[in-house]
Amino acid sequence: MEALSSLAEGFGVALTVQNLFLAFVGCFLGTIIGALPGLGPSNGVAILIPLAFTLGLPATPAIILLTSVYYGCMYGGRISSILLNIPGDEPAMMTTLDGYPMAMKGQAGEALAISGIASFIGSFVATWGLVFLAPMLVTVALLFGPAEYFALYLLAFATLGGLSARNQAKSALAAALGIGIAMVGVDGQTGVPRFTFGEVHLYDGIDFLVAIVGLFAVSEVFLFLEHRGDRSGPGEEKVKITGRIMPSGAMLKDTSGAMGRGTVIGFIAGVLPGAGASLGSFLAYAFEKKWSDKDKSFGKGNPRGVAAPEAGNNASAGGALVPMLALGVPGSGTTAVLLAMLLALNITPGPLLFTQNPDVVWGLIAALFIGNVMLLIMNLPMIAIFARVLLIPVRYLMPAVAMISFVSVYGISGSAFDITMLVIFGVLGWFLRKIDVPTVPVVLGILLGNSMEVNLRREMTIANGDLWALVDSPISIVLWIVAIGGFVLPIVMGRIKKQPANVSRADAEAANPD
Amino acid sequence: MTDRIFGSLMVLLAAFFIWAAFQIQLSFITDPLGPRAFPIIIGVVLGLCGLVVLLKPDPEPEWPQLSRMLEIAAATIVFLAYGQLLPELGFLICTFFAGGYLAWRLGCGWLEAIVAGAGTSIGIYVVFHLILGLSLARGPFGF
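Same order as they appear, the protein sequences are chains A and B.
For what it's worth, full-length UniProt numbering labels the leading residue of the first sequence as 1, then goes sequentially.
For what it's worth, full-length UniProt numbering labels the leading residue of the second sequence as 1, then goes sequentially.
What the hints contain is simulated information worked out from the structure, not anything from laboratory work.
C-beta atoms are modelled at their ideal positions from N, C-alpha and C, and glycine is treated no differently.
Heads up, a few of these hints could be off.
Claimed, not checked - If you want the footprint, here are the derived chain B segments under chain A, 3+ residues with CB under 8 Å:
hint	region
1	15-27
2	40-47
3	61-72
4	81-92
5	95-102
6	113-125
Given only the sequences and the hints, what does the whole structure look like? Please build it.
In structure tokens:
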């Protein structure tokens, strides 16, 4: 198997002292970031990007660090869901449904252990899925020309809102807004300035890192300011791990089916365009409830209701890396942030990455296997240490998050203009989240808008302006059909994903998207 | 109502965007599509979506009370001032005030807020500047 020998080479890349250390740091930080409500995968990874830059990390160590944070968040989110009934981040929302009742029954230790093991199984299987599926996708993607890429971007935007957003018009609007923002700056092909209105700072375009940190991290601070006092918040309730820290064999056997099913559903949800870990955990829980809730004990502290969504969100995190790495088209907020970091390091994910920089891809995948084992150790025997971070009150945490966001942005450019842009994006992000316009399509628009235009114009140049060239190959026709179907079907079928009723609106709003 | 206002604003923004797209100069190097076409398409999509939001609004979101809105406005002003003053006063002083302000508004007592501001500011300085070597804004006293 070619993939296996590449993977073996990847282990050669990952098994250096520096990379192992970064994977460890990433896993550790990720678990904390995931556990703390208000910090989640997308803003946690976003504010760490400048750190990766200033440390002068090359692409491989940088992506290992940040992806380990992403994986770590998927483990960490459950801790506050189980102990406090507050989702640590959006993907952990479903874990509150049975995790918190288990903790109320004095089984917090078992709930944490089962969910930790489920997280491990989910990530482990999903990383294997990544090993085999990504190269297959690459062989298809190598056949892509500009027309196919244009259709692929269209598909990404069309399906982004689909499964999770309430209102397709708002998702499309968000994408258009993002692509519009990407248009600002000097046009790469003809050299004329666009939408700069004479402002020199805008000639370079709007830095996507500034937009990302603003939309994801600063907006979060505003949400907390708005909801001060309305929410119980961590640090105010008792955080105590009750019960056995290792589950009994019977409980493991009882939940193993749920873990397996959750993993498969989560991985598929992760690979699909426009779906991240939140949807993965939602679908895994919903399916498991249908499948095995015979005595109606779901929602009352059934361990299977903890195992399924946790396996699901970890598996989707691995799955979501497949389109990001193989096609360069992320489907969720955090993978968009990871893409942003690679782009900022002049590495363009996509099929060519696998041929030109195989060390980046396979080093990352190998590091994920290693990180996953580290995470299992951190999240089973050492769980009590991480539960303690929940004692940090929001009134100390959020100022630090805000200030680190500013430091991050200032650290990249050293310009006060960027801080102003950051604040503007922060307010915009808060406003959009209030009125239920998703922010992920905005970020994706800013990131991919220019490539989308470049591919369109390249195809038009090749075809001499003939618009039919866009739907000239079987691959592009399929992509167009999926794009249109993915946009129209949710309008017809209605919203799939719902928010669990036990999580307050303020908590749900503040839960950081994945 | 919010959605109706937001939708109309987006339609106006789209109109402005399309107008601005027509103002883009054409250069002598050009391709069949040119630099104007794609932004115009995006502007049209934005306008259409705005129109849909305007005509089919969602239920009203839960807007905070006026006091909380002012809270957010005040924080925005503090952040903007932070950005402007950073090159003048340096990282430690600015971050002390901004961090302390936020801690105070998030529920700290004034003494606690001073401690939180100092802790945030010095903590970030030590970790990011002294240990990791990130360059932070320098003020009149060299920090």
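Results for each hint:
{"no.": "1", "hint": "15-27", "in the structure": "holds (count 7)"}
{"no.": "2", "hint": "40-47", "in the structure": "holds (count 4)"}
{"no.": "3", "hint": "61-72", "in the structure": "holds (count 7)"}
{"no.": "4", "hint": "81-92", "in the structure": "holds (count 6)"}
{"no.": "5", "hint": "95-102", "in the structure": "holds (count 5)"}
{"no.": "6", "hint": "113-125", "in the structure": "holds (count 7)"}
Checked against the numbered hints above, the structure violates none of them.
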